[in-house]
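Engineer: Line by line, the protein sequences are chains A and B. Count the first sequence with the working numbering and you get residues 327 to 949, in order. Count the second sequence with the working numbering and you get residues 162 to 408, in order.
The hints are simulated quantities; they were obtained by calculation from the structure and are not laboratory data. There's no promise every hint is true.
Said to hold, decoys possible - Derived DSBU-like pairs: lysine-lysine, alpha-carbon spacing no greater than 30 Å straight-line:
#1 A:Lys638 to A:Lys734
#2 A:Lys734 to A:Lys631
#3 A:Lys631 to A:Lys648
#4 B:Lys219 to A:Lys693
#5 B:Lys308 to A:Lys829
#6 B:Lys372 to B:Lys201
#7 A:Lys564 to A:Lys631
#8 A:Lys827 to B:Lys308
#9 A:Lys687 to A:Lys750
Next come the chains, spelled out residue by residue.
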Amino acid sequence: MKKNVFSRLNRVLMAVFLVFCCVSFAWAEEIAFRVDVDRTTVELGSYARLTLTVTGVEGLPQPIELPEVDGFESRLIGPQTKVSIVNGQYSSSYALVYYLYPTKTGQFEIPAMALKIKDQTVQSNPITLQVVSSSVAPSAGEGTAGGAAASSGDSAQQKTLQQSLSERLFVIMGTTKTEVYVNERLPVTVKLFVNNLDIRNVSYPQIDASEFVLEDFEQPLQYEQVINGIRYQVVEFKTFGYAMQSGNFELGPVRESCQLAMKDPNQQKRSGAFFGDDLFGDLFDRNYVMRPVTLESEFLNIKVKPLPDDGKPVSFSGAVGKFALEMTVSPVQVKVGDPVTVRMTLAGNGNMRTADLPALKENSEFKVYEPQIALHGNVKTSEQVVIPRHDKVEQVPSVSFWSFNPEKESYEQETVGPFALEVKPLEKGEQSQIVGLNRAGGFSGGEQDKLGKDIGFIKDRLGPFYRFSYRSWRSFSFLSILIFVVVGWVSGCLWHQFHAKLKTDERFARRLRAPHYARHGLLTAKQFLQQKDTKQFYDTVYKTIQQYFSHKLHMSPGDISAASIQDYLQGARIDAEVMNALKRLLSDCDAIRYASAHFDNNRMIQAFQDLQYTIDQVERKCR
Amino acid sequence: MRGIPAFAVDGPEALFAEANRAYQEQRYQEAIEAYENILKSGFESGAVYYNLGNAYFKRRELGKTLLNYERALEFIPRDADLRANYDFARSMARDVNGNGREDFFLARFAEQAGLLFTRNEYAWAGLFFLGVLAALHLMSIFLEWSKRSRQILAGVGVFILMCYGYLGGMHYQFFIHRAILLGDASALFEPREGATTHFQVYEGNAVQLLKRQDQWSKVTRFDGKEGWVPFDCLERVHFNRKIIIKK
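All chains, please: the whole structure from these sequences, using the hints.
Structural biologist: Here's what the structure looks like:
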């Protein structure tokens, strides 16, 4: 408990100490006075922005007054206070911003100013400003391309204008070394300076470097920098190069492409005539035209020295710089045939692509596999699997890496290892994890190269076999089932269609039932004929004719008459004999039913035969 | 034993056992002759083609190996050993694309789908689907299913028909015109000696046979290139069908 209280107290005290240090540092910050302008060339009718900045103070004990500047009228815009803490660095500044309006053309100087703060006098830098005629000068904030935009005007003004653009937009290439060894890392910095111009689509720099290998550029930095009193926006690109051979070479020049946004004069003309500036034009870049600009820097002279032959080791692979090699081995307790992973990490400030990591070689103690190598920035890693061949192995041997240190101008060796390894023998009956490794250790002769690469064994059972011409779809069983399925399907469909018609088509159904009634009537009539019951016989005959034809003609039984039947039979081209037989039958029936006539048995037989004949003929010819 | 008379049964099995014995004793040439004798006797089976492919492999005859493995695929297409050996042998052939292995995943799927079943299985499966379709159709009309149900049934029927047709088509396409190169050869622009070489084909490569003229065969490679190669340097996979080649 007490310990916890003391621990917290310690932390609080530490925090207070850190805050105190920061504040002290802020108080101790150096006081400086700086004057800068946003441009050094101003046209008549425009203005330049001038900033007086005092750093190291939070407020001014006395107001700063801008002295009278010949050729300019000044107007105070307002003060600015800036306080920042970056990485624990505290800084503060106080600034006054003025607009300077030129009153005449010529070259004018803003003299150095003195300021007394805390018994300390600080002095600003003088600045020279050029005022040119507004007909040729790039207007402030419009980002014109200087001389390129001016197609008229005298040559002196044109020259001034060109200088103006080159002062406001330029690229510089630099390095911290001018003498390097072959394959030594050469830092290269490219800075793009922009002063109050609208620059877009800045591409990565292109460097002419036929004798050098350059790495990809890092993510560019952006910051502000004041040079000779002019404030610039700076885009800084960094990379590293490596010379491929010795000699004196030129690095560069560097080319930087970007686009300069310029106000479209046509658009201004169109929109400005009535409503002034297009409100939405600026928002959607309609009022601007993009002009591609390619900037070029000076080149650098680099002297590349060859690597010394004295003391160059045999295993030196060309790595130049400062490197650190690490190595791990896992697991450290294994059985014969178990894989052991050896990991190496090489980090340094040289050309990692040409730095070869050491690897373990195959020998009587280890079987080794090809290492897997990966490069991540300035770190190169490798993973190599090694397999101890026998239980006498006690360590993974050491490895060495040679490099040339350009600072010391000598070759250096990094050695790691050896690492202790405990290898146990395989137990009785236990199989090695590695195919082909026998229990005694070592691989079984020439089979080593064929591990896991061979065909499976033959089949010992013949399985089903067929005649060459055998096809299952030609077999009796297949064809029988196929026919059964097809016939069944078609039959089912037809049967369903037939019954559907019976249900929906009454005429068809009655026509189909007519023979049934006829057969039934004939049987009944035959019975009465055998009983010699004349009345019942003719009644039955009449009903049979009536029912049969009413179904056949799809009429009600009451509508059946000799005339209607005759019409139907004539239409069906039935023989006249049939019609006569039918007439005889109907006449006999009427005679019995209404006149109580008496016919002998022969006439009844004749009537029965006529009925049979009539129905038979109608069925044959009127289907 | 379907379609085989009883008196012939002992013959192939005895020959098969004899051939296997030769193989195990590493008398591969004798094993090859014994397996070929089974085929000459008029019988074929997946196991015979598979073992024959193995024997040719041991003799380092890659073309014959792949030829017999592909013939075995017609009988035992889902056999894991066969698939493993076949893939391994294919990987040893030069110009792997020439073995018909498609790069497009749908084409690969089609090739694999076509090799899922044997031709007899396709026939019986077709019959089965026909019976099921007939039964469902009759049920739909007798039980008076709703119009929607019948539409679904028709859709399912059409889908099954398309799948069946597609798989069957792939199977047919794989085997019917396919031939395997038995040695390296130059495919020429014209069927004559001394003609300009169009492209090279290698032992074990698969080609599609287009036509035959005298001692030359017109073949098309996996990438669609066509050329003439000597007839005796390749062999059709589906050799026992009386179709295709027009002399």
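Engineer: Each of the hints needs a verdict: does it hold here or not?
Structural biologist: These are the hints, each one checked on the structure:
1. A:Lys638 to A:Lys734: holds, 14 Å
2. A:Lys734 to A:Lys631: With a Cα-Cα distance of about 14 Å, the restraint between Lys734 (chain A) and Lys631 (chain A) holds, given a limit of 30 Å.
3. A:Lys631 to A:Lys648: holds, 18 Å
4. B:Lys219 to A:Lys693: holds, 29 Å
5. B:Lys308 to A:Lys829: holds, 20 Å
6. B:Lys372 to B:Lys201: holds, 26 Å
7. A:Lys564 to A:Lys631: Roughly 23 Å between the alpha carbons, so the hint for Lys564 (chain A) and Lys631 (chain A) holds.
8. A:Lys827 to B:Lys308: holds, 19 Å
9. A:Lys687 to A:Lys750: Cα-Cα ~22 Å, so holds.
Hint violations for this structure: none, all hints satisfied.
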